[in-house]
Every structure is written in C-alpha cells, then in structure tokens.
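Based on these hints, arrange chains B, C and D on the given structure of chain A.
Read top to bottom, the protein sequences are chains A, B, C and D.
This note's numbering puts the first residue of the first sequence at 1, with every later residue one more than the last.
This note's numbering puts the first residue of the second sequence at 1, with every later residue one more than the last.
This note's numbering puts the first residue of the third sequence at 1, with every later residue one more than the last.
This note's numbering puts the first residue of the fourth sequence at 1, with every later residue one more than the last.
Think of the hints as simulated: they come from the structure by calculation, not from any bench.
Owing to the predicted nature of the structure, the values given are computational and were not obtained by experimental measurement.
Any given hint could turn out to be false.
Each pair may be met inside one copy or between any two copies, as identical chains are not told apart.
Taking lysine-lysine pairs in the BS3-like style, the calculated list, with each CA pair at most 30 Å apart, reads [to be verified]:
hint	residue 1	residue 2
1	Lys294	Lys79
2	Lys35	Lys79
3	Lys225	Lys159
4	Lys294	Lys225
5	Lys294	Lys159
Spelled out from the first residue to the last, the chains are:
Number of protein chains: 4
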Amino acid sequence: MNTLLEQIVTDCGHYASQGQVAHYIPQLAVVNPNKVGIYVISENGENFHAGDCFDTFTMQSVVKPLILLLALMDSGSEKVRALVGVEATGKPFDAFNYSDQALTGANINPMINTGAIALCTLIEGDTYDIKFARLLELARKLAGNDELDVDESVYLSEKETGNKNRALSYMLKAYGLIDDPVEEILDCYFKACSILVNCKDLAQIANVFAHHGRNPATGEEIFSKEFARYVNATLATCGMYDGSGGFALNVGFPAKSGVGGGIMGVIPNRMGIGVFAPALDKHGNSVAGVEMLKRFSQVMDLSIY
Amino acid sequence: MNTLLEQIVTDCGHYASQGQVAHYIPQLAVVNPNKVGIYVISENGENFHAGDCFDTFTMQSVVKPLILLLALMDSGSEKVRALVGVEATGKPFDAFNYSDQALTGANINPMINTGAIALCTLIEGDTYDIKFARLLELARKLAGNDELDVDESVYLSEKETGNKNRALSYMLKAYGLIDDPVEEILDCYFKACSILVNCKDLAQIANVFAHHGRNPATGEEIFSKEFARYVNATLATCGMYDGSGGFALNVGFPAKSGVGGGIMGVIPNRMGIGVFAPALDKHGNSVAGVEMLKRFSQVMDLSIY
Amino acid sequence: MNTLLEQIVTDCGHYASQGQVAHYIPQLAVVNPNKVGIYVISENGENFHAGDCFDTFTMQSVVKPLILLLALMDSGSEKVRALVGVEATGKPFDAFNYSDQALTGANINPMINTGAIALCTLIEGDTYDIKFARLLELARKLAGNDELDVDESVYLSEKETGNKNRALSYMLKAYGLIDDPVEEILDCYFKACSILVNCKDLAQIANVFAHHGRNPATGEEIFSKEFARYVNATLATCGMYDGSGGFALNVGFPAKSGVGGGIMGVIPNRMGIGVFAPALDKHGNSVAGVEMLKRFSQVMDLSIY
Amino acid sequence: MNTLLEQIVTDCGHYASQGQVAHYIPQLAVVNPNKVGIYVISENGENFHAGDCFDTFTMQSVVKPLILLLALMDSGSEKVRALVGVEATGKPFDAFNYSDQALTGANINPMINTGAIALCTLIEGDTYDIKFARLLELARKLAGNDELDVDESVYLSEKETGNKNRALSYMLKAYGLIDDPVEEILDCYFKACSILVNCKDLAQIANVFAHHGRNPATGEEIFSKEFARYVNATLATCGMYDGSGGFALNVGFPAKSGVGGGIMGVIPNRMGIGVFAPALDKHGNSVAGVEMLKRFSQVMDLSIY
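Chain A on its own, in the form it takes in the complex (with noise of 0.2 Å):
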C-alpha cells in the first residue's frame, strides 16, 4: 500500500500547477503549493502514508464537520436541524446565496460558513472562549494528538480580514437566527478555522467518522452512529462545496475540503484518508488532493455508490 501512496503522491504532485493556495486570507497566501501529502489508516488499522504528509496546515472548512458534530452532541440534532437546513445551495462556499426573500435556516446548510458560524451558537458553553475550548478538545479526542492547536497567525489574519463572515454573520442575525454577539462568534469560528493539523490528524479523525463515533484504535464510543450519519450524509452531498456531485461521481465517499489544502475522506465501515496539497480549484478545493483521492478510490474501488 506504501508503494500505491508514493505513486500517487508522484504521479499527483504536478497538478498542483493546475489551481493556485487561497489568497482571500493574507497568512494562507505564502504557502509553498507544491506541497502533497497522504495518509490512510486501513480497515484492519494499519497506518500508510506518502510524501508531506506530516507538513501542518490550518484546517479551515475541514472544521465544519467538527462544529456540526459538537453541537449534534451539545444541542441535538432536532435543534441543529431546525437552526441549518442540509440541502446543497448550488452556491459557493462565501455566497451571499439569497434573495430579497428573509432568510430561513432552511436556505443554510452546515458545510458553507452560514450554516458553521450558525451552529457555532448551538455548542455549549458559557463564553465563547469556553465552547471554542470544548471543540478544540473534541479535534484533539478525535485525531487522538493533544497537541493539535490554533494557529495564531493565521487566526488573526482570518480575524483582521474576514469582512464577507462578517456581513453573513450580521444578516444571519438580521434575521433572528443568531443572537450572541457577532465578533465573539466569529472568534470562535476564526480559531475552529485555524488550528493547525497533520494529514494524519485528519485521518485518525475520518476513520472515527468512518467508523460511526468509534475509535477503532481504543474501541471509545465517542459519538452515537446517528450522529455519523448525520454528518457522513452531509458531507457527502455538500462536503466539496460546489464540486460535490463531482466528487461523488469521480471518487464516491463523504469528505470535506478546506482552503488550507486538506481534504478529510470518510469511507463508512473502512477507512479514514488524509490528504494536502494547497493549491485550489475555482471551488476551493484542492486540485491534486481530489486527484489523489480519486486515484485511490479507483484502485481500491472505495465508492460507495
């Protein structure tokens, strides 16, 4: 299987060439995009990995199944169902995807910013700094690395430029479907965006999703399978932004993408893959990392469809 990775990550590394890093946050723009890495933890829970795949990266959108996840166990999915909708919006990730109509949570979705910043309010906590802490642990529980944590630079960057979560922030209150303070809900958000993972962090947390709330490693039930499902569903139809009736077609499992780079692939019942490589398509999601994921679904026939 090492072999397998190693050829992919040569065989995917020039596509990079084919997108660009993300330049909308000023800290995510100095990447080196020529990065490409894998990692995949197997059905028996043997660990493989290829190329950079130990090099960190801030997580980005990758959070948002996290944040849906911690407020399903903090709220209930009856709460979060009636807060944010799950149908694809056939929008981009930022898009001010609304009418002159009010804005319902039913026109949301978990995987664009609306819907995450959204669902930020349904994790418990006092203060903002405490439910951050709380998703914070659950990222470290899942990717069972106690040491995964913020990237300040980029979180102030997020912070100092995030004018567009700013004004979808403000009409999701607006519209009455946030009430808490907007800056203290975006920093919140700002920080889940920023911490900084591994390739194999994102595996380890894929192969607990995979594997419906168990860690297959220690056997923990860390979540209940319904709470899986509900986010495998969701990333499944909405996990790769606009590109994800692609994605289903070309590789054919739940993942989610972030403009870092990374992609996190959820096989159910199998396996968790971490992927990065910087470079972007027009989506957001990275070009030689959806090859990559593609390539090995291929051969190992890991569609679920």
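Chains B, C and D only, in chain A's frame:
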C-alpha cells in the same frame, strides 16, 4: 420481511394526508391519493412486497436516471459531462434557476428537467421516435417486463400543458445547448415521463443499478460499472430534488422520485426497492414513499453513510 | 440649429467604435456600424436634421412604447397595469430575471421583451395578423408616413432565431399570463420589431408623445394625455434598459432605444427627436446615439429634472 | 390652495389604514399612524399647508439625496459615479440583491441603503463626527432651519438593531468598496437617518432641488445645477424604492420617501413639497403620502412627463 413491509405500509398510509397529488398535469390530478405500495428485491434475489405494489403509475422523473444511462451508453461519459453538469442546483426541479448570465451546461443537472431534456439529444437514433423506442426498450430490459408502455392520456396531457418545459427547452436552444426541434425532443421526453410502471418494475430497475449494471437474476451485464456509479452518485446528491440532503441524512441511499408518486431506491451491492404513494410534499417527493423508505432503512440499517 | 446638429454628428461619429452592432439576429449583424443620423422637430414645428437621418433601420424595441400605447387604447390602463407592471427590473432586456417563484405581472415591464410580448395580447383583433395590421396603422399615423412597413428579411431572421423570446413566451404561458398560441403572438411581435423607419419617423412619433397624444402638425388628438403620461413615465424610468438611470442623469428626458440602433427622444411639451447609429453599448443602446442626445440636451438645456 | 390641501388631507387620511408604520426599528413602531400633513412652496414663493404639517418625524431615507448631494459637493460627480451606480436595482431598499459574483459599484444605487452608506465615505471630514456635522449643517441650510437635530432615541434604536445595515456594510468592505471602520460609517448614517424634520423642512429642501441649487427665498446658490440634476434624475428613477415606476406614472415628478413616513417632492423649476403620514405600503412608501401627492399632481397638472 413481508410482515415488516405490511407493517410499514400500514403505519405510513396516513402520511398521504400531509401531501397532495401533482396537479400541474391534469391527468395526474385524478389519481387516488391513498394508494401505498412497496416492493423489495433482497440481496439473495428474493422478492417481498406489500400494499398497492402492483398498481401502475407513470414514471415521471424516475425515468431521468434511464435517460442519463442511455445517453451514457450511446454517447459516453465525456459527451454527457460536457453537455450537462452534476452539481446540485439548490432549486426546484422545474426552476428557471438562471440569472441573466449565459446558461451553461455546468449549471444544469441530469436529475432536473433542463438536464434530462438536454440529454435526450445524446440518445442514438435518427428520429426522436427511434430514440424513444430505444429508451422504452431499455426500460423494459431493466425491469424485465416487456409490457411496459406509455400511458397515452398522461402523455397527451403533458404535451398539452408542458409550457414550462417548452420554456426551459427554448432557453437551452437559445444558449446553444440543443439544436434539434424543441417539440420533437419534448415529445420524446413527455413519452418517457409517461411510461407506466408498478413498484415491482421500479425495484427490478433499481436492483440492476444496485448491482452496477448486472441483472442479478439473469447474470446479464447490461451496462458498465462506471455508468452505474455515474447514475448512482447523481441520484445520491440530486435524486430527490431539493430534498436530496434531507433524504441522504434520513434514509441514506441513492434514490429517484417522480411526481407520479413513485420512488426507486438503490442500495449498492444489496437491494432494489420500488415504492408508490401519489401524495407529494413541497419538493415533489412522495410523502408516504419517503417515510416508508426511511423506516425500512432504519430497521434494516441500509444507510451507506 | 442644423449647424449644431451637423457638429454633433461629426463629433459623435467616432463613438461607433466603442460599441458593436447587434449580432444575435443575423440580419442585424450586417449593418454598416458607421451610420450616424439625427432628426429634431422643434417646439414651433420646425424640422432640423443632420447625417444619415433618412437611412432606414428596424424599430426593434423602439416599437415597445407603441405596443404599450395600443394596448392602452384598446384595453384601457387598468387591464394593462394588471397584466404588466411598471417597475424597473434591474436586469437586461432579455433576462430570465426570474427566480423559482411564480412569475407575476408585477415583475415584468412593458419596456422589456416579456412585458411587450404579453401586451400584444391586449391589442384588439380577432387574429394576430389583424392585431399587427392595427399596430402598423398606428405607427404610420404617429409617424405621418403611410409607407412604413416590415423588413421581411429581418422579420424572418428574428422568427428563425428568436428562441429566447420563445422561452420567455412559454414561461408567460406556463404562469397563465398569456393564453394565445405562442407562435402567433411572437409572429406579431417579430413583425412589430421589424418595422423599417428612419430618424424622421422616430422624431414624428416622439413629437406626438411629447404633445401628449396630439399631433401638433395637424392638431389631431390621436390618444389621451393619460396614456401619453403612462408611456412617457415608463420611458423615463425604463426606456433605456439597465442604462435608464444613467440616461436620466446624463440626458434627462424619456427615450426608447432599440437594438437596430435607433433611439426616440421625447421632450414633453417641447420636442421629438430621432437618432440612429447602429453600434451598441453593453446595455443594447446605441453608443453614438446616446452621446448625440447627451450633447444636444446639454446645449439646449432639455433635461426635465 | 390651502382649501385644496385641506381637502386632500381630509380625503387621504383613511389611506393610513391600508398600511402600517415601520416596525423594524423599535422607535418607529410607536408612532401614531393617523397623522397626515402636507406643505407646499409654490412657484412664486408662497407657502401653503394643511394637517399635521408641523409634526416632526425622522428623515430616514429622505436624507439619502442629501448624502448624495454632499458627496457630490465634496468629492465631485466622477468619484461619486465611480463608487456608486445609478441604475434601478429592481429590489427592495435593504435587499441583499447580490448573487455570488463580486459586488461592484455599478450594482448599487445612492437611493438604497448600500449606496448611501458607501457615499458617506465621500463626505469630507477627518472623522465621521465631522462628516455628520457637515451633513447636518447642509440639511439646516437647505431647510432654512438651524434647529434641525438628531432624535437621540431613534438614532440609538437604529444603532442597536441595524444588523442588516451592518451586513450590507461588511459586504461593501469585503469587496473593497469602503475602507473605513464599519461602525464609524454606520454611526454617521444612523444619525443622518434620525434627523428630525417636519413637512415644511422637507418642502424647503425640495424647493432648493427644484430650483437647481438656488434658494429662491434668499437667492443664494448653494450647489450647482449639475448636482441638482444628478440628484433629481436619481430621485425620478429610484427615489421611491421599487415603487418608483408606479410613482412616475401616477404622480410624475422626482421624490424621495423615508420609512419615517415623510416624502419630499421636487417639481423642477416650480415647487417643493413635503408630506407626512407614517403608515407605509409594502415598498416602504407612505400610503397616504403617495396618495396626497398623486391627487395634488393631478389637480395641478404637475407631472413632468
């Protein structure tokens, strides 16, 4: 299993009262809204059923995966992808979901009317009568039922009142996505929507998709695994209109609904299911049909996520 | 005054190079883009002109105020208002500016294609041939030119290629705003757009609108002041497509442009103006035509604002 | 004339029952909806009035033409045009009328919130306190009333609840149309909206616009004819939100409404009018106010079209 299906039919019948039968096609408005049926072909080829599963109804949008499949078989995936995209549109099935920008294939989908109409042009045949004959032949083969045929009164009713489809088609033509005469293409499309089936037919068709193109009863390879995956993935992300996200979460497998009240459910490598109950929710999906599939999926743990 | 007009024609001719002739109707694409003409009928009835003011061109959208007027004369303002709204749409003239909500009359406008097509149904006449004959008769009367007639080649070209107008019309029909056969309505509309005029004809027509329905040359009351105000106000807010706001600011009187390159300018109580220059800007307005009207308005202080 | 105005006030009072007072700003919701007043300054400088014309109310959007004017006076028409377009948007005053494309100045308008907020940045002044002080000074000068001032409770109410304006502002910032701190700009904007006026003040301000920048009472030239035309033309096409087309048709002169219930009417070269009646129609325009202006325009033949 038959006992379980009987129970589900009994429990779900009252959901009909939460929806209403399609009224935009006059011939569909006269259907008895209280019909409820289910038909399942299990992993080892056994057949189970309950309720009004041998009542016939028109396929309507359930024929879209067959149009997509025949376009793939006749023209290949490259041409199909070039003409019609695969992303969810976030809009109803018959939406003019178009801004004042040029309409492109990337913005349509095989599971909404615009995309299905466009794909009729990629079916082989010198005339649209021939194209339709080949589509009907494919439907018969997949269903293992040589008697499948068009309901003339529904077909004529659609032809007479299908002005929204005419508008969508002329828009496709205005933007150069189709060349052939609109009325000829629509004649093929309206006939396809008007093919009469019962739950067993849908279960048989679904079972072939579930077995990736192979008819498990006869062993015949009708189409390739690649095309099956193309269709199944598209069903998973967009098969239930703008209720696809909720269906993935609550039910969890590829499916296609039609406003005739039928739904075809595909559980890859395992089962084909057909359900029928004509009262529809606001998305155009059978209310009791979705509920039956949800319960059956939960009891049998059929979610692929 | 003729000297002023000559100067303006000379100064504005080069603006043609900033635009391009309409190309979506093949017969319009063959026009010489360097034609420039202007014709003015002043307050005391004197006629002034310069450039290619006797060259003919098809009215195209300049016929829209005449369709609106005849619908008003034949069916009254109440029926006209009920069928077609008067608000600017903020969209191009041929936009599918419709969401997935029901299309209502309030969302269309007599100066965009959808509204003008719908208003053809409110012209009296047992057939669309008769309706068109009455419209042509009105155009001749307003222009004082019995020889106005249809350019057959443009008419046939529009009929052959007008698929976007077909799409718009079937949408009107799908939403119950029109009942008659689409091709018959469009035949009337395409003929109307293809009426050949020159700058003098437009100036004469504009002058009747400027004098609120009275032909100042003959003294004849052709239509009521109420209808003149209806049309003039609509021209002021929406006559120049999505360039109407800029035109109000820079030029300052009601006007209607057409993609044939003509513009009709109405200065209430004072003047009628016709200009012609076929190269169009991105809104579909004659580039040199707008510039001529702007200069003439500034020199003569014609803004009504 | 006073008799006519009394009659109009009496006849139009009951229209209040067809609308409702603004409720999205808590302090506006407590207004007596049955107030009705009108104030007219005629061509020879005479003053006429009837009803509650000396009751005060906040300007709200009626201040938008003053923001536009001061931006023009301070920064010139070129900079103003470059930042904010002049086309009707076809959308409500506070619409997120934006797709997922980049927001550009061409898509906003000085008479909707986004445009007015952006134009505050083009008012001269080192701080937004100074900018606002200059705006208040201009309002006082145009109204000939040194006592105009902010209603603190409305200002604070808008500041507390103005989240939709915050969302619009952060969007402007995200797209680079504004640079300054959002809360500072909004503080200026909220104060401007909260300036208390009565019908006489509005009539005085309108009269200066009607006389193209010259105060006819004092003879003072306060601003240029070019700027008056810029403002008046913008009012004619967009001053009454998405009711501007109907207002042009039914009333026929430039005007600006505010959700405080005031409307300022400008009859170029002739008159200034102020009306007040707080119950609003669905567009946000005073119901009885529009009706009073319609009747007065018809009796006095004031339409400029």
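Violated constraints from the hint list, given by number and in increasing order = 2, 3, 5
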